[in-house]
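Construct the entire structure; sequences and hints are all you get.
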Amino acid sequence: QVQLVESGGGLVQAGGSLRLSCTASGTFFSMKTVGWYRQALGKQRELVATMTSGGNTDYADPVKGRFTISRDNAKNTVILQMNSLKSEDTAVYYCHVHFPRDSVGSWGQGTQVTVSS
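Residue numbering for the sequence shown is 808 to 924, as defined by the working numbering.
Mixed in with the good hints there might be a few duds.
Claimed, not checked - Beta-carbon label-pair distances, calculated as ranges:
hint : residue 1 : residue 2 : range
1    : A821      : L854      : 18 to 26 angstroms
2    : T859      : A821      : 25 to 33 angstroms
3    : S837      : S894      : 33 to 41 angstroms
4    : D879      : S824      : 15 to 23 angstroms
5    : S910      : V812      : 18 to 26 angstroms
6    : D865      : T834      : 19 to 27 angstroms
7    : N863      : G815      : 33 to 41 angstroms
8    : G861      : Q810      : 21 to 29 angstroms
9    : S860      : T921      : 31 to 39 angstroms
Just so you know, these hints were derived from the structure itself, not from any lab. Glycine included, C-beta positions come from ideal geometry on N, C-alpha and C.
Structural data, given as structure tokens:
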């Protein structure tokens with residue numbers, strides 16, 4: 808079972824930046840798709856950004872141009888750099904790692920991001 812440990816959440820003013828980090832245990836990290844999802848209070852969990860093992864990325868429309876996903880396979884780590892934060896970005900952010908043919912994968916415990924307006 809892959810364990811994911813997230814860090815970097817917190818409280819920031821609108822317009823500010825935060826950097827989320829997620830480190831995975833286990834092997835074959837470089838072969839996996841990594842991603843970030845978020846869930847705001849009272850809403851469903853939604854995709855924020857993903858990156859395949861080949862480096863292809865996909866972003867949700869609301870975060871395009873503001874958020875950047877990256878990975879460091881040597882450290883089994885995926886990063887989400889969040890700039891120009893808005894109040895609507897407030898949510899619990901979850902890291903997700905999975906093999907391409909296994910959409911279930913593993914989830915992190917979540918980290919709270921709060922953006923004050």
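C-beta pair S837, S894: status relative to the range 33 to 41 angstroms that was hinted: Since the Cβ atoms of S837 and S894 sit about 36 angstroms apart, the hinted range of 33 to 41 angstroms holds.
Consistency of beta-carbon spacing, T921 to S860, with hint 31 to 39 angstroms: With Cβ atoms ~32 angstroms apart, the hint holds.
T859 paired with A821, Cβ distance criterion 25 to 33 angstroms: Hint holds: Cβ distance 32 angstroms, inside 25 to 33 angstroms.
Range agreement (Cβ of S824 with Cβ of D879, hint 15 to 23 angstroms): Once the Cβ atoms are compared, 19 angstroms apart, the range 15 to 23 angstroms for S824 and D879 holds.
Consistency of beta-carbon spacing, T834 to D865, with hint 19 to 27 angstroms: Distance hint for D865, T834 holds at roughly 25 angstroms.
Range agreement (Cβ of Q810 with Cβ of G861, hint 21 to 29 angstroms): holds, 25 angstroms
Satisfaction of the hinted span 18 to 26 angstroms by the C-beta atoms belonging to S910 and V812: holds, 22 angstroms
33 to 41 angstroms as the expected CB spacing between G815 and N863, which holds or is violated: violated, 24 angstroms
Verdict for A821, L854 (Cβ pair) under range 18 to 26 angstroms: The hint (18 to 26 angstroms, Cβ to Cβ) holds, given that A821 and L854 are roughly 22 angstroms apart.
Hint violations for this structure: number 7 only, all remaining hints satisfied.
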